[in-house]
Structures are given as C-alpha cells and as structure tokens.
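Which chain is which? The protein sequence lines are A and B, in order.
Going by our numbering, 352 is the number at position 352 of the first sequence; the sequence numbering is gapless.
Going by our numbering, 126 is the number at position 126 of the second sequence; the sequence numbering is gapless.
Read the hints as simulated data drawn from the structure, not as lab findings.
Note that beta-carbon positions come from the ideal geometry of N, C-alpha and C, so glycine has one too.
Derived lysine-lysine pairs resembling PhoX-like cross-links, with alpha carbons at most 20 Å apart:
#1 B:Lys-159 with A:Lys-188
#2 A:Lys-213 with B:Lys-109
#3 B:Lys-172 with B:Lys-92
#4 B:Lys-84 with B:Lys-159
#5 A:Lys-166 with B:Lys-159
If we take Cβ atoms under 8 Å as the criterion, some of the chain A residues that face chain B in the derived model are:
#6 Phe-210
#7 Lys-214
#8 Arg-234
#9 Val-326
Taking CB as the label site, the calculated pair distances span:
#10 B:Asp-164 with A:Ala-45: 50 to 58 Å
#11 A:Ile-361 with B:Asn-181: 44 to 52 Å
#12 A:Glu-153 with B:Gly-182: 53 to 61 Å
#13 A:Thr-131 with B:Gly-182: 47 to 55 Å
#14 B:Leu-142 with A:Arg-389: 38 to 46 Å
#15 B:Asp-164 with A:Gln-358: 31 to 39 Å
#16 A:Gly-246 with B:Tyr-82: 35 to 43 Å
#17 A:Arg-389 with B:Glu-167: 15 to 23 Å
#18 A:Gly-344 with B:Ser-63: 49 to 57 Å
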Amino acid sequence: MPARWWFLLFGFAAASAWAQLAIEITGAGAQRTPIAVAPFAGENALPPSLSAIIRGDLERSGVFRSLEVPALQPSLTEASSINYAEWRARLADALVVGSLVALPNGRFETRVRVDDVVKQSRLGAVALPTTKEGMRAVGHRAADYVYEKLTGEKGVFSTLIAYVVKRGSAYELQIADADGLGDQTVLKSFEPIISPTWSPDGKRLAYVSFENKKPVVYVHSIADAKRTVAANFRGSNSAPAWSPDGSRLAVTLSREGGSQIFVMAPNGSGLKRLTSSAAIDTEPRFSPDGRWIYFTSDRGGTPQVYRMNATGGEVQRITFEGSYNVTPRPSPDGKTLAYITRNGGKFQVALLDLANRQVQIITDSDRDESPSFAPNGRMILLATVINGRGVLSAVSADGRVKQRLTTPAGDVREPAWGPFID
Amino acid sequence: MSTRILPIIAATSLVALFAACSTTGDADKPAAKPDAAAAPAPEATARKPAPTVDLTSRRADPSAMLKDPNNILSKRQIFFEYDKFEIQSEYKGLVEAHAKYLRENPAAKMLIQGNADERGSREYNVGLGQRRSDTVKRALILLGAKDGQIESVSLGEEKPMCSDHAEGCWAKNRRDDMLYNGEY
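Modelling step: build the complete structure from the supplied sequences, incorporating the hints.
Printed below as a string of structure tokens:
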C-alpha cells in the first residue's frame, strides 16, 4: 500500500473517532516565531508523518507560526548543509530538519536538528529511539526537543492530560496526549467522577468517585488499573491533592463534622487534621516546594483562597478582591496562583502574582472551572461551557493564546494536566 | 435538649415493655393452679395452657410506612434557599416524623445526601451540600435519633434533579435526600 494512501486512511480514522478531543485554536500569541519544519527524510515509511506532528505541536503552543515548506528534492536531513539565505528568504527564523532511519536491528531512530536561521547557527541535534507503534509519542518528544532548544523552556507536548467525559448517563475518566489524541478510558461509571489529579510520577490518578452513593477518594494506578480506596471515612471524602514528593495526600473530610482538610499517606494511613474551623475548608493544593497548602475557605463569610503551612497552623488570607474566589492552583514555579473568580456573575480564571499581588483575569468565557497548569507553567487547561456543552479550553498564562478541546458527543470537564515524564 | 428528651423516651419504652409482660402473665397463671381444698373427685384435668395468637402484638413491617405515599415518612426531600442551610419551618413536621421513626426503630439507618446547585466550584459545592446534610442530621439527633444511625454526606452539584441553568431548576437542586438502609 503506498505511503500516501496510509496517511489518508489514518487521517480519516482520526477524524471519525467520535470519542477523541478535537483542538481548535481560538487565539494566538501576538508575536509568534516563524518556523519551518521540513519534511523528514524517510518519514513516509511510518505514518503519521513526524514533521506533521512536530508542526502541529509547535503551532498549538501559540509560540510559533509554522511556515509552508515546499517539497524538497532531495529531502533535507540532519546531515545536510543548510543554505541559511534560502530559508531566510522564506522568512523563517528557525528551521527543523531530520530523518526517520531504519536501523539494521529492525528498529528505527528519529533524528532531529534545529537551526537558528537568523544567527545562521545550529542549535542542536538529537537521535530518539523509535518504535513503529510509537510514532506519535516520538513526534511529541521531537517537538519537545525543538521547543526547548528555541525557547529555553521544557516542552509539554509529550505530557498527558486527564479529564472526565459525561456521555448520556455514563461518566468516563480518560487520559490523552496533551493534544487530545490517543484517549484511553481508565474508569467508566454510572456515578459521577470528579477532581482527578496526577501523582507527581505520572503513574497514578487520585480522584473522587460517587459509586458508593457518597464521595470516596481513590488512588488508581494507570498501567494495571488497580484501584485502592484512599479515604472512605464516615461522611464525605473529597478534593485529593498530592504532595510534591507523592508521599502524602491532602483531602477534605467531613468525618468530624463540616468540611475540613486532612493529610494522610495515599493509602489512608497516618491521618492528621490540618484545619479547625466551623467553615468549609476545601480544595487543598500544595505549593510546588511543599511548604504551603493553598485552599478555599468561607471562614470570612465568602469563599476565598487562604494558605497555611503544609503541616497546619496559622492561616493567611490570599485573595481579597470579589466575593467568590475558589479552586487555587499554584503555578509550577510557585510564583503565581491561578483560581476561579466570580466577576459580575461570570466565573473566570484569574492569575495572582504572589509577589506583587496583581490580579489578572485571563479568560473571556463565563463558566470556568478547574484550572490546571501545564508542567512548564506556560498554559492553563480549564473546563468551561460553550453553547450549553462542557468543553476543555487552554489559555496561555498571558491570556493571549487560546484553544478549545471538544468532543462531539458529550460533556468534558475536570481537566488535570499531568507532570513531565522522563 | 437531647439529654432531656432521652430519659423520657427510655421511660416510655419501659412502660410499653411492662404492659406487654403483664398481659401475657395474667392469661395462664391462675389456670395452672389447682384448688387444694376441694374433695377428691373425678380427676380434673388441668386445662393445658392455650397459646395465644396475638395479632395486636405483631406490628406491621415498620419500613412499610416509609413507602406509604399517605405517610409523611415517604417524603424524603428538604429544599434550601440560595446560599442558606437552615431548615425552613415548612419541613419541621417532616424532620420530626423522621426523628420519631429513627427513635422507634433503633436498627434503622439513614443516609442524608446534601446537594447544591451547579454554580461555582464542584468541590466547594460538595462543602455546601455537606453543610445542608449536617444541618438535618443535627436536627434529627436533637430530636432523639442516635448519631450512629445517621450518616450525612454530600453529592455536591453532581446529582441535580433538574438540569436547566435557571433558578427554577437550581431551587430543586439545593436539597437533602434522606435514604433509609435498603435504599442505598
């Protein structure tokens, strides 16, 4: 079968897979770096095409604008000498070339090279082991390499996202690549599933399931689908949050009356109460350095964000503007806090600079929930409602780049962006 | 309040117990006692005690009341105002009836599921629903139900009765559902 025919088939299959998330870019960065990704030599041997995956990833980041590249004869490879003037004439600031090479042992290797066209210099090259089944994975790895060479920050194209899809009367907890493709259902239930959150090693998800007619916190190992009950105390058990080292889970329990924050091992042992209030204290989140726990509390009359030492004790109020500020999510560098604010009847994502206390609302939708930072802090994934349907949306931390991830038949909600996987 | 009510309940149930003992006791004791002073005569066969079939003592399955649409106990929902957690006066009779049932049926167990409308954070709404179910649990305990009989939990905004995005619908979703064992 000719390679092109294969590609068409794949394209059709991807488009008709009704369960998959489709990405639509609804806003882009003001200054996007023009980049040319040349077709990789030999890439037609194993679809989908590597250069197309890399191009798509870089384009979606909002940081790059991909340039049209004409068919080149012969194909450029990482070993080719680059005519910088020619690429400059095509208005490229950066150039990516590479090849897919069949090795004598039957395996494959993806070779990628990145050049700065303006400075006329090679920025780096890498060889990535490749399997026939893992072309999308290696494409995302290659895109991460290019992204890091050009921006100095780690790329998140090979990270995973988790989210819940409600379809009819069933709830599905799914994981997918950061571009929404390659979705897999890890849990399907007739009862609600909320608050999925990734363990720091990316191997487990903690979440709340209502399968026992009340909220119970589970820890779910993704590779072997083993579920363990983390918190099933009398009353409600909810809002799990991993400590940065994965050794503890903060949870909200009502076992002693009200909704209060506790910390325990992920197997439920060593339970310790952290808050003591007559208020609702919930939505705990550890700061990335493990020092603080940010949480929502209505102890002051309205729900606001507070923080306390991760071992409990004195509580500091963090948000002051407005009468409804919930769901705190510290950025990976710990410098900013994303949360949901009610702004004139709209629920939107706000970013608070923890150093200078400046607040910026970065979305223009009106029913936002569950913001989740990409592990490099560049983008925030969130749930919102468009035309009465739950969709996921991603927004850059500067509010400029916006994307929407929808699934044709169902409501998508409760997104959680997974960690870097080494 | 609960400490004052409890002895009264204990006393009433004791009275009931005594009353039941004396009736069954009266029925056979005199019959079993022969009269020693009487002359020997054709041997009087002592009448064997006749066991009583007492339909009055056999209560109907109490849980049937819970499903009888004419019984207030079949009503299981308490609705709340926006951002409010107090039980409104119209539900006083309902709460009292359920407290009485729990008192009189110590084996009965209840799950109270608190709910919130869809606005705002899902997890904070779990907290709001919990506040609503805790309120009703507290009222039932004050009226004599035992803490161990009642578990109050929250379903947050996850189980709406009504799914339109308007107040008419939200009002139906700010509620407590009371379920008895066997129903959950």
